[in-house]
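There are 2 protein chains.
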Amino acid sequence: MTRPDPRPISFNLFEMACVGHISHGLWVHPDNTRDRFNDIDFWTSQARLLEDGLFDAVFLADVIGTYDGYRGGAETALREAVQIPNNDPLVIIPAMAAVTKHLGFAATFSTTYEPPFAFARRASTLDHLTRGRFGWNVVTSYLPNAARNFGLEDEVEHDTRYAYAEEYMDVVYKLWEGSWDDDAVVADRAGHVYTDPAKVRYIDHVGPRHRVAGPHLSQPSPQRTPVLFQAGSSGAGRAFGARHAEAIFVGGHDLASYRDVITDVRRQAVENGRAAEDVKAYAMAVIIVGRTEIEAQRKADEFALLSRAEGYLAHAGGGGIDLAAYPPHMRMADVLEAEARAGRDHRNRTRFYRADGTVADALHEITRFDRPPFVAIGTPTQVVDRIEEWVARTGLDGFNLRQFLTPGTAEDFIELVVPELQRRGLYRISYEDGTLRERLFGQGRARLPGSHPAARFRGGANLGGSRTAADDLVPTGAVAG
Amino acid sequence: MTRPDPRPISFNLFEMACVGHISHGLWVHPDNTRDRFNDIDFWTSQARLLEDGLFDAVFLADVIGTYDGYRGGAETALREAVQIPNNDPLVIIPAMAAVTKHLGFAATFSTTYEPPFAFARRASTLDHLTRGRFGWNVVTSYLPNAARNFGLEDEVEHDTRYAYAEEYMDVVYKLWEGSWDDDAVVADRAGHVYTDPAKVRYIDHVGPRHRVAGPHLSQPSPQRTPVLFQAGSSGAGRAFGARHAEAIFVGGHDLASYRDVITDVRRQAVENGRAAEDVKAYAMAVIIVGRTEIEAQRKADEFALLSRAEGYLAHAGGGGIDLAAYPPHMRMADVLEAEARAGRDHRNRTRFYRADGTVADALHEITRFDRPPFVAIGTPTQVVDRIEEWVARTGLDGFNLRQFLTPGTAEDFIELVVPELQRRGLYRISYEDGTLRERLFGQGRARLPGSHPAARFRGGANLGGSRTAADDLVPTGAVAG
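Chains as they are written, first to last, in our numbering: chain A, 370 to 850; chain B, 370 to 850.
Hints are not guaranteed to be accurate.
It does not matter which identical chain is used: a pair holds within one copy or between any two.
[Unchecked claim] In silico SDA-like pairs for lysine to any residue, Cα to Cα no more than 20 Å straight-line: (1) 568 x 646; (2) 568 x 404; (3) 668 x 477; (4) 568 x 725; (5) 470 x 591; (6) 668 x 558; (7) 568 x 644; (8) 470 x 676; (9) 470 x 405; (10) 470 x 604; (11) 668 x 604; (12) 470 x 612; (13) 668 x 532; (14) 568 x 441; (15) 668 x 832; (16) 568 x 824; (17) 668 x 400; (18) 470 x 538; (19) 470 x 785; (20) 568 x 664; (21) 668 x 639; (22) 470 x 410; (23) 470 x 409; (24) 668 x 408; (25) 470 x 744; (26) 470 x 645; (27) 470 x 579; (28) 470 x 792.
These are computed hints drawn from the structure, not numbers from a lab.
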């Protein structure tokens with residue numbers, strides 16, 4: 370098939386600082402280097418590979434607790450290395466930034482537990498160090514164990530988490546966009562003035578959950594607010610994405626459900642005064658490519674053989690339903706009722722099941738390694754045909770490439786798929802200079818557009834009082850020369 | 370002079386991710402590159418320089434608020450770039466780690482505001498990425514503005530901060546030392562077992578300020594607990610150092626006061642069951658070296674000329690007394706009384722003044738750029754003579770080299786002082802392999818000794834219940850194959 374107006378499709382590598390991210394069991398493959406994830410060379414060599422392959426970015430997932438809902442505990446998650454052990458993605462990015470010039474980095478960070486003032490500075494530092502290549506995947510935390518790692522008894526309720534997240538965004542926007550004017554730093558050596566204090570403001574945020582005085586400690590970074598990624602298909606999740614996200618990571622059961630989510634979020638974005646095209650949409654992609662169909666299928670079979678159902682069950686049970694506690698023939702609708710009677714509410718959780726199916730159906734759904742609907746197994750031509758079809762029919766802008774082997778999945782993609790994409794005008798030939806935001810939205814747009822809610826704090830508007838640092842000078846009894 | 374038993378003296382570069390750390394005004398010098406501190410190349414080139422110069426480590430100070438006590442606000446701190454703008458040191462280290470193999474890194478992080486669970490994982494990640502070259506400078510936060518950035522009205526009272534810090538250390542020790550056994554990770558590909566769940570524990574910490582379930586998310590890093598640095602000369606500060614610190618950063622008015630602090634902390638350490646030699650002692654060093662005395666003095670004069678009294682006053686006023694509010698002839702004892710009447714208690718603050726002096730004396734003390742008693746200005750021979758004298762007479766193990774010019778101060782030291790130190794057997798000729806802790810305490814000691822309080826949690830001892838991840842397996846209704 371052909372598309373009338375070919376435009377580049379974005380590809381990020383989907384990563385996580387752990388052994389088993391979402392391809393459970395695959396770490397044992399002799400060509401897989403996942404068990405070297407603690408080593409800095411694992412990350413720097415991967416970053417170089419992705420930059421050689423002209424990827425948009427590496428997208429780092431994260432979790433701040435253990436999946437201990439399956440069979441009553443963390444045993445399976447540990448044995449199968451289901452996202453534990455894991456490391457902090459924020460401190461891995463600078464190592465990759467030190468050996469690259471263009472590759473982007475998006476890291477997952479939760480708005481639920483850590484103080485926004487510290488995160489805002491950490492993010493600004495990352496945006497400085499990467500010269501504007503930093504993105505933030507905004508999440509709220511749902512794992513019960515994560516809550517218990519941060520002083521709470523149990524997870525924060527879903528809609529409350531989104532209310533927390535709204536306030537969190539306000540705080541960090543005020544710090545990133547409102548606290549320092551663009552021309553605050555003058556660095557005037559002759560005049561002995563580094564910063565003009567009249568152009569730096571306290572934010573004086575006072576909200577139900579956070580009180581933050583400011584000023585922000587970092588001077589404005591290339592992008593100020595990092596590129597905002599977000600995933601979340603619930604009602605509150607979509608509304609949040611339509612308000613804040615510059616790129617949404619979409620899930621769904623089939624092509625139509627992807628299209629519907631994307632259409633809905635963009636419609637809501639327009640209602641919020643934003644442009645539909647200001648919300649890019651990404652899907653996870655399973656791409657298993659070979660020089661021949663048989664070679665590709667052989668790889669897929671090998672991956673399926675190594676996949677571990679126990680790993681997927683532990684993963685699914687982390688914040689959700691412990692399917693091991695119910696008989697296989699039970700209807701999921703009845704399981705949900707039983708869970709509700711036990712005081713567990715799953716209404717707003719990410720669904721991996723159909724309510725009209727059975728426990729066995731849900732188990733099957735969970736343990737298919739090719740669970741995301743976008744699956745392309747075949748020759749480069751077949752793979753790119755399918756990519757084109759999905760992009761045309763869903764409104765997707767790009768994909769997060771799921772890894773089966775590290776670095777094999779990315780190497781295969783770069784060797785076999787990229788040339789076919791380039792032949793069709795769907796992939797860059799070389800990087801252009803600029804920030805990650807400019808890569809997504811075009812040259813000259815290093816900063817958020819004026820229609821984004823973060824922009825309402827610019828120039829000190831909508832801050833509590835808008836005190837500048839020059840406002841607080843008081844008469845003085847003694848000044849030393 | 371000669372010393373009977375020459376042993377290497379440690380040198381760290383004293384750094385901070387900002388324009389003006391402690392040499393206020395110097396950033397305007399034409400050879401100073403401090404205003405490039407946002408750039409990753411500033412840090413990677415500096416790391417390479419220090420590794421070429423065989424430094425022990427780069428020691429990164431930090432502050433999480435603004436010095437807004439002088440003349441009622443932050444104006445002066447901003448204009449003079451007194452530690453604002455600044456960036457997060459934790460995310461700068463991985464960039465330096467990516468381009469070095471031996472240089473150590475110590476970063477300042479406060480126990481007062483951020484959740485210990487998140488910090489513990491961040492620190493473990495840094496220890497993994499640096500292959501055991503990470504140190505933590507443990508501080509409590511005293512800046513009032515920092516408190517207001519983290520939800521509080523004013524700073525946490527001094528002794529309360531130290532009580533918080535004690536609990537904080539317990540939490541992170543439990544995570545670093547107690548949660549995972551050394552042989553928990555088996556990475557058995559044939560058996561499909563990454564981690565043995567029986568060797569991973571919840572920590573179930575319940576304390577007055579923190580509740581943390583665990584397990585720790587990172588697997589054991591080369592050093593587990595990073596090398597623990599600490600500064601603090603108050604009573605509570607010394608007691609904390611004697612209990613926890615592997616290296617104390619000492620201040621004082623003269624050689625004798627350094628010696629007394631070091632002797633006192635080591636005596637207290639022994640009372641705690643630790644070895645005196647398990648507490649290394651560092652002082653800040655002003656070293657201005659030239660090929661001739663005249664050349665060195667010319668540099669010192671140039672630095673003095675560029676030093677900015679206003680910068681030092683803003684710095685001193687950050688958490689302390691606004692000296693600008695009092696007449697120069699007033700006695701400091703009377704100032705303290707006036708402050709106490711106004712509800713401001715400075716008894717436990719770091720002192721930059723003598724109570725028997727006047728405000729003018731305190732101003733003089735503050736604005737001397739050579740305030741730390743260890744000052745060596747002269748030829749390499751003169752500088753090293755003075756270093757040897759201080760080490761012999763105080764019990765110091767090393768120095769944090771204060772920068773006047775970046776990279777000039779380190780370059781001068783490497784070019785002129787290092788060869789003289791090496792000639793006398795006081796400085797390494799090449800790096801040995803190993804972790805930062807082994808560099809300080811000898812090969813084979815990558816981990817804390819058994820006498821350190823962190824060690825009491827090893828093997829799951831002294832944890833709340835010592836649940837392992839294998840203890841929570843429950844009977845199950847359905848397990849998918």
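Hints and how they fare:
no., hint, verdict
1, 568 x 646, "neither (33 Å within a copy, 50 Å between copies)"
2, 568 x 404, "between (49 Å within a copy, 18 Å between copies)"
3, 668 x 477, "neither (30 Å within a copy, 48 Å between copies)"
4, 568 x 725, "neither (59 Å within a copy, 40 Å between copies)"
5, 470 x 591, "within (14 Å within a copy, 30 Å between copies)"
6, 668 x 558, "between (62 Å within a copy, 19 Å between copies)"
7, 568 x 644, "neither (30 Å within a copy, 53 Å between copies)"
8, 470 x 676, "neither (36 Å within a copy, 37 Å between copies)"
9, 470 x 405, "between (24 Å within a copy, 18 Å between copies)"
10, 470 x 604, "neither (38 Å within a copy, 49 Å between copies)"
11, 668 x 604, "neither (38 Å within a copy, 65 Å between copies)"
12, 470 x 612, "neither (31 Å within a copy, 45 Å between copies)"
13, 668 x 532, "neither (44 Å within a copy, 57 Å between copies)"
14, 568 x 441, "between (55 Å within a copy, 17 Å between copies)"
15, 668 x 832, "neither (56 Å within a copy, 46 Å between copies)"
16, 568 x 824, "within (17 Å within a copy, 50 Å between copies)"
17, 668 x 400, "within (12 Å within a copy, 58 Å between copies)"
18, 470 x 538, "neither (29 Å within a copy, 39 Å between copies)"
19, 470 x 785, "neither (24 Å within a copy, 35 Å between copies)"
20, 568 x 664, "neither (61 Å within a copy, 41 Å between copies)"
21, 668 x 639, "neither (43 Å within a copy, 62 Å between copies)"
22, 470 x 410, "both (17 Å within a copy, 11 Å between copies)"
23, 470 x 409, "both (18 Å within a copy, 11 Å between copies)"
24, 668 x 408, "neither (27 Å within a copy, 43 Å between copies)"
25, 470 x 744, "neither (31 Å within a copy, 42 Å between copies)"
26, 470 x 645, "neither (30 Å within a copy, 48 Å between copies)"
27, 470 x 579, "neither (36 Å within a copy, 41 Å between copies)"
28, 470 x 792, "neither (25 Å within a copy, 42 Å between copies)"
Checked against the numbered hints given earlier, this structure breaks hints 1, 3, 4, 7, 8, 10, 11, 12, 13, 15, 18, 19, 20, 21, 24, 25, 26, 27, 28; the rest are met.
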